[in-house]
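Engineer: Guided by the hints, dock chain B with the ligands onto chain A, whose structure is given.
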Amino acid sequence: MAKMLTGYNAVAEAVKACNPDVIPAYPITPQTDIVERISEMVADGELTSEYVKVDSEFNAASTAIGASAAGARVFTATCSQGLKLMSEPLFSASGMRLPLVLAVANRSLSAPLSIWGDHTDTFAERDGGMIQFYAEDVQEAMDNIAIAYRVAEDNEISLPALSCLDGFILTHVQEGVEPFSEEELSGFLPQRDPIYTLDPSNPKTMGAYARPEHWTETRYTVHKAQLKAKDKIADAVEEFADIFGREYGLEHRGLIETYRAEDADVILVALGSICGTIRYIVDEYRKKGEKIGIVRPRVYRPFPVEELNKVLEDAEAIAVIEKDISLGYQGGLAIDIKSAMYSTGSRIPILNFIAGLAGRDVRKDNIRKMVEQTKEVRGKNPEDVGFENEERWDSLRTEILPGDDEL
Amino acid sequence: MTEDRFKHDEDLFCSGHRACPGCGAALTSKLVTEATGPQTILSMPTGCMEVTTTPYPESAWGISWIHNIFENSAAVAGGIETAYKSFSKRGKEGYTDKDDVNFVVLAGDGATFDIGIRSLSGMMERGHDVLYICYDNEAYMNTGIQRSGSTPMGAATTTTPAGKQSLGEDIRKKDMPSIAAAHGLEYVATASVAYPEDFKRKVKKALEIEGPKYIQIFAPCPRGWRHESKNTIKIARLAVETGLYPVFEMENGRITNTMKVKDRKPVEEYLKVQGRFKHLFKKEGGDEIIDYLQEVADVNAEKIGF
Ligand SMILES: Cc1ncc(C[n+]2csc(CCOP(=O)(O)OP(=O)(O)O)c2C)c(N)n1
Ligand SMILES: [Mg+2]
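Same order as they appear, the protein sequences are chains A and B. Each residue of the first sequence is one higher than the one before, starting from 100 at the first, in this note's numbering. Each residue of the second sequence is one higher than the one before, starting from 2 at the first, in this note's numbering.
Certain hints may be false.
Anything over 12 Å on all C-beta distances counts as not near chain A; from chain B, calculated [said to hold, decoys possible]:
id	residue
1	F88
2	M154
3	E209
4	G212
5	V262
6	E296
Quick list of the computed label-pair ranges, beta carbon to beta carbon [stated by the list, open to error]:
id	chain 1	residue 1	chain 2	residue 2	range
7	B	E94	A	T317	27 to 33 Å
8	B	T160	A	R310	25 to 31 Å
9	B	K231	A	Q290	37 to 43 Å
10	B	I210	A	R310	35 to 41 Å
11	B	R227	A	Y428	45 to 51 Å
12	B	G128	A	Y379	52 to 58 Å
13	B	K201	A	N301	38 to 44 Å
14	B	K273	A	S425	55 to 61 Å
With the C-beta cut set under 8 Å, the calculated list includes, among others, these residues of chain B facing chain A [stated by the list, open to error]:
id	residue
15	C15
16	I42
17	H68
18	V77
19	G95
20	D98
21	K99
22	T159
23	I172
If you are wondering where the hints come from, they were derived from the structure by calculation, not from laboratory data. Ideal placement from N, C-alpha and C gives every residue a C-beta, glycine not left out.
If we strip away everything but chain A, and leave its shape as in the complex, we get (with noise of 0.2 Å):
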């Protein structure tokens, strides 16, 4: 039955449902609703799981760890400020195999301060071997819980799993929903089985130093686990509209969702929520005839490069609007579209637009401001762009910034 719920409710709800055995949590915003629902949740009863209250996020990884490697269901949720202090030992996590699912709530990194909303915080974590899913609404932030565990949990990958929904966007905004009891997903998530454990019945020694002859060979495979999870994201996202009948970018394997991209000239590449923003605009110039289309991955890494290489390949322009910066270059997202696209031979114009950053409004006219833009482009070969060009700072508030010699 429907219900309504905030993103932070609804994300409590899909942990209830997988019931995990241990969850360390450790407060920021504008995660902090998530844990407080489920310390609720466990204080009424009707979670019995372990709840540890930690000291850090640092220890809530660090025990997530200590609990997984012994063969538990974990499960803990941050962003931002506390991402980074998690982030040493979830790269290690990827690298054990341990199967950790975190649900984040992006948000800017400091300096300056800023609890709003980007994806700074989760492109920074980019090259640790954390499967990283993005969700465009409330619904799609609670079902891709119950995807990620089924993925970091198959032994085939055992990895590390973000569930990424936009902070305040999605966190604490209420939508009608869908939700699903841990009975429903029986069939759909498996208790963990895990290969390895710690038990004393079969010692074992985990994370032992590796030297050269055996590093490269230890990220191999953890490269090769994140490769296969398309696979398995492919599996779990069918098998998961079969059961629920909710259906994310099943044509696409499920690692990216389109719309109306089909035999768009124009396509806008975009993460979580801002795509419900720029659907309103897909469907205003689709009604004046002019075909712009969408789309948006649903997954970072493992990047889904086949996928969007085949949705994109016949665009004339494209922009990638994201709410990052990798300072001293481009936009993440835009940086791997360009490799992916390019290396193919393909000489389609991508503009990058950085917009939203911690929390900013990015409304339909900025879109509007972007779609004009990308247009002009039409047809162009990047040369003829420019590099400096390509890259492109939404309202850019040019009236704020120091001259030129004081930047």
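Structural biologist: Positioned in the frame of chain A, the structure of chain B with the ligands alone reads:
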């Protein structure tokens, strides 16, 4: 892996590891496994013992062992213990009952006093059923003898070298057992590799207690302290006999047992057999540091009562 070199026989900490001859930490590791027995999961941070005992694909450990990173072994152990709490409560199959598993950390002084103190403090505060053992070799040995919060005043390390303007470490040693006790621990103890039976008894006693426990064991490092390998035990004994490293048990914040020292020796006897202190005997001002260390020993004797 069934090759002979991967066999463990009865030993839970076996030979073939890469620790130096006379390594106090390796001796500690052996004693720990003898005291805990096989029903144990050991969490160990990055450090000398970790790298010398687990060069993949080999392992010196016959008990379940995990290393994650340098500063989180207490939280990792807490996570494991919590998982077993859940398994036992939920009746999960394939796992030993929580009451039949010893959850133990074995960590260096750098991992304990400095970078991992948050993890340790949190674990103790939350009351995890974990025995935390710190092998104290008074510096970061794995990375080449840099000072830690445990390095004693006057010791030369690679980051506190003796020099024209320096007499080695100029900060006093942190009092970790008191910090542990301040968390309200039922059991805190110190020990020394010179008294292995005493240490093993303390480990066994600690494991009988439900909740967090802390034991700190003095473990000389021949390489880092600049002494001959054959002198490890002698130096460990001298540390006790001079009063510089008191060996005691503290239960619920009160000292309940101390190793008595008859005719306390002057600290010089301990200092002069180690290269890390040799400048104290040669350089101007060295005598003041020696006096300070003598005072530390005297205060220990008075406060702890031996
Ligand atoms: C976050 C981090 N900082 C620094 C290091 C480098 N490092 C590895 S072991 C170590 C020192 C270990 O000292 P201690 O805990 O006393 O153990 P010991 O080597 O003396 O046995 C250091 C500094 C690291 N691995 N991780
Ligand atoms: Mg040390």
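Engineer: Hint by hint, note whether the structure agrees.
Structural biologist: Hint by hint, here is what the structure shows:
1. F88: 7 Å, violated
2. M154: 30 Å, holds
3. E209: Consistent with the label, E209/B stays out of reach of chain A, its closest Cβ about 18 Å off (over 12 Å).
4. G212: Its Cβ never comes within 12 Å of chain A, the nearest being 15 Å, so this holds.
5. V262: 38 Å, holds
6. E296: With a cut-off of 12 Å, E296/B remains clear of chain A, as the shortest Cβ separation is near 35 Å.
7. E94/B x T317/A: 27 to 33 Å: 30 Å, holds
8. T160/B x R310/A: 25 to 31 Å: Cβ of T160/B to Cβ of R310/A: about 26 Å, so the range 25 to 31 Å holds.
9. K231/B x Q290/A: 37 to 43 Å: 55 Å Cβ-Cβ, so the 37 to 43 Å window is violated.
10. I210/B x R310/A: 35 to 41 Å: 40 Å Cβ-Cβ, so the 35 to 41 Å window holds.
11. R227/B x Y428/A: 45 to 51 Å: 49 Å, holds
12. G128/B x Y379/A: 52 to 58 Å: 53 Å, holds
13. K201/B x N301/A: 38 to 44 Å: 25 Å, violated
14. K273/B x S425/A: 55 to 61 Å: 57 Å, holds
15. C15: 12 Å, violated
16. I42: 5 Å, holds
17. H68: 4 Å, holds
18. V77: 4 Å, holds
19. G95: Check passed: Cβ of G95/B comes within 7 Å of chain A, closer than 8 Å.
20. D98: 11 Å, violated
21. K99: 11 Å, violated
22. T159: At about 22 Å, which exceeds the 8 Å cut-off, the nearest Cβ of chain A leaves the hint on T159/B violated.
23. I172: 25 Å, violated
Figure legend: structure checked against the earlier numbered hints; hints not met, in rising order: 1, 9, 13, 15, 20, 21, 22 and 23.
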